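Student: Sequence:
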Amino acid sequence: AAAWAAAVRRHDRGAAVASFAHEVVAVVGADGDDPDLDGGPVHTLLKEAAALFAEHSSVRRTFSTGIGRTVVSPSRLPEAYEQALKSVRVGRQLHGDGARAHFDQLGVYRLLSLVPDPEELHAFVRETLGDLAADDEPELVDLRRTLQVLLETNLNVAETARRLHFHYNTLRYRIGKLERLLGPFTEDAHLRLNLTLALHVLRMRGI
Numbered sequence: 001a002a003a004w005a006a007a008v009r010r011h012d013r014g015a016a017v018a019s020f021a022h023e024v025v026a027v028v029g030a031d032g033d034d035p036d037l038d039g040g041p042v043h044t045l046l047k048e049a050a051a052l053f054a055e056h057s058s059v060r061r062t063f064s065t066g067i068g069r070t071v072v073s074p075s076r077l078p079e080a081y082e083q084a085l086k087s088v089r090v091g092r093q094l095h096g097d098g099a100r101a102h103f104d105q106l107g108v109y110r111l112l113s114l115v116p117d118p119e120e121l122h123a124f125v126r127e128t129l130g131d132l133a134a135d136d137e138p139e140l141v142d143l144r145r146t147l148q149v150l151l152e153t154n155l156n157v158a159e160t161a162r163r164l165h166f167h168y169n170t171l172r173y174r175i176g177k178l179e180r181l182l183g184p185f186t187e188d189a190h191l192r193l194n195l196t197l198a199l200h201v202l203r204m205r206g207i
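When we follow the UniProt record's numbering, the leftmost residue of the sequence shown carries the number 1, and every step to the right adds one.
Worth flagging that the hints you see were computed from the coordinates, not collected in a lab.
Some clues are possibly wrong.
Unchecked claim - Think about it this way: if two alpha-carbon atoms lie no more than 20 Å apart in a straight line, the pair counts; the simulated SDA-like pairs of lysine to any residue are: (1) Lys-47 with Gln-105; (2) Lys-177 with Arg-126; (3) Lys-177 with Leu-199; (4) Lys-177 with Arg-145; (5) Lys-47 with Arg-100; (6) Lys-177 with Ala-158; (7) Lys-47 with Gly-98; (8) Lys-47 with Ala-6; (9) Lys-47 with Thr-62; (10) Lys-47 with Ala-15; (11) Lys-177 with Asn-156; (12) Lys-177 with Leu-143; (13) Lys-47 with Gly-29.
Stated by the list, open to error - Taking CB as the label site, the calculated pair distances span: (14) Gly-98 with Gly-130: 27 to 37 Å; (15) Pro-116 with His-165: 33 to 43 Å; (16) Leu-191 with Arg-76: 37 to 47 Å; (17) Tyr-81 with Lys-177: 38 to 48 Å; (18) His-190 with Leu-114: 15 to 25 Å; (19) Tyr-173 with Asp-97: 32 to 42 Å; (20) Tyr-81 with Ala-123: 46 to 56 Å.
Bear in mind that the values here come from a model prediction, so they are computed numbers and not experimental data.
Glycine is no exception: its CB is placed at the ideal position from the N, C-alpha and C atoms.
Build out the structure end to end from the sequences listed, making use of the hints.
Tutor: Here is the structure:
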């Protein structure tokens, strides 16, 4: 908390910083557009806070950072706080400890994080991926990885085979197996969209 307070107030003397059991919340003045995590004052602030945290921490620990949207009224601060919380959770799930994320930069994960009932997301994954949603069968996990790369490459079989180090014919066989499990996704754009969303939800496990 002390590291964050020092770093924040170095950039904004009027900032408010509060420390709780498992989090530090900072309200910092903003000038113009939402902050850029890859450059500018917020990027510098995060680097300084991380350095101070490492310097004063007696054990090796990391912290994740989430940033909500800029608000123009104090009445909107609770909303910005919830956005920052979602950013922390999604960022940590996607990138591990030490991640930093801005709510507006979460892409489709921002929309998925707004679904109020996690069980609906889990049900969607089960309905869409079927057996491929499980993690207890190495063969199915491997097939799911094949599906993911196929979708990432827009069904480019040659590129997928190259990335996964498969023979072309081996990949064609796997595609046939996937379609028997999931349906004709190579011909059905709507099914591909559902499969892509289901794979995104799987990356958000625990949220």
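Student: Compare the structure with each hint and give your call.
Tutor: Here's how the hints hold up against the structure:
1. For the proposed pair Lys-47 and Gln-105, the alpha carbon gap of about 19 Å is at most 20 Å, so the pair holds.
2. The hinted pair formed by Lys-177 and Arg-126 meets the criterion: a straight-line CA distance of about 18 Å does not exceed 20 Å.
3. For the hint linking Lys-177 to Leu-199, the alpha-carbon distance of about 18 Å falls within 20 Å, and the restraint holds.
4. Using a Cα cut-off of 20 Å, the hinted pair Lys-177 and Arg-145 holds, with the two alpha carbons roughly 13 Å apart.
5. Using a Cα cut-off of 20 Å, the hinted pair Lys-47 and Arg-100 holds, with the two alpha carbons roughly 11 Å apart.
6. For the hint pairing Lys-177 with Ala-158, the CA-to-CA distance comes to about 17 Å; that is within 20 Å, so the pair holds.
7. Annotation: proposed proximity of Lys-47 to Gly-98 holds, straight-line Cα distance about 11 Å (limit 20 Å).
8. Taking the CA atoms of Lys-47 and Ala-6, the gap is about 12 Å. The hint holds against a cut of 20 Å.
9. Between Lys-47 and Thr-62, the direct Cα distance comes to roughly 12 Å. Compliance with the 20 Å bound is thereby established for this hinted pair.
10. Distance check on the hinted pair: Lys-47 and Ala-15 sit about 17 Å apart at the alpha-carbon level, within 20 Å; holds.
11. Straight-line distance between C-alpha atoms of Lys-177 and Asn-156 comes to about 17 Å, which keeps the hinted pair within the 20 Å bound.
12. About 9 Å separates the Cα atoms of Lys-177 and Leu-143, which keeps this hinted pair within 20 Å; it holds.
13. In summary, the hint linking Lys-47 to Gly-29 is supported, as the alpha carbons are separated by about 18 Å, within the 20 Å threshold.
14. One distance hint, 27 to 37 Å for the beta-carbon pair Gly-98 and Gly-130, holds here, with the actual separation near 34 Å.
15. Here the CB-CB span from Pro-116 to His-165 is close to 41 Å, well matched to the stated 33 to 43 Å.
16. Hint check: Leu-191 to Arg-76, Cβ distance near 39 Å, so the stated range 37 to 47 Å holds.
17. For the pair Tyr-81 and Lys-177, the supplied restraint of 38 to 48 Å holds, since their beta-carbon distance comes to about 46 Å.
18. Restraint check, His-190 to Leu-114: a C-beta distance of roughly 22 Å satisfies the suggested window 15 to 25 Å.
19. Look at Tyr-173 against Asp-97: about 39 Å separates their beta carbons, and that is inside 32 to 42 Å.
20. At roughly 29 Å, the beta-carbon separation of Tyr-81 and Ala-123 lies outside the given 46 to 56 Å, and the hint is violated.
Consistency note: the structure conflicts with earlier hint 20 alone.
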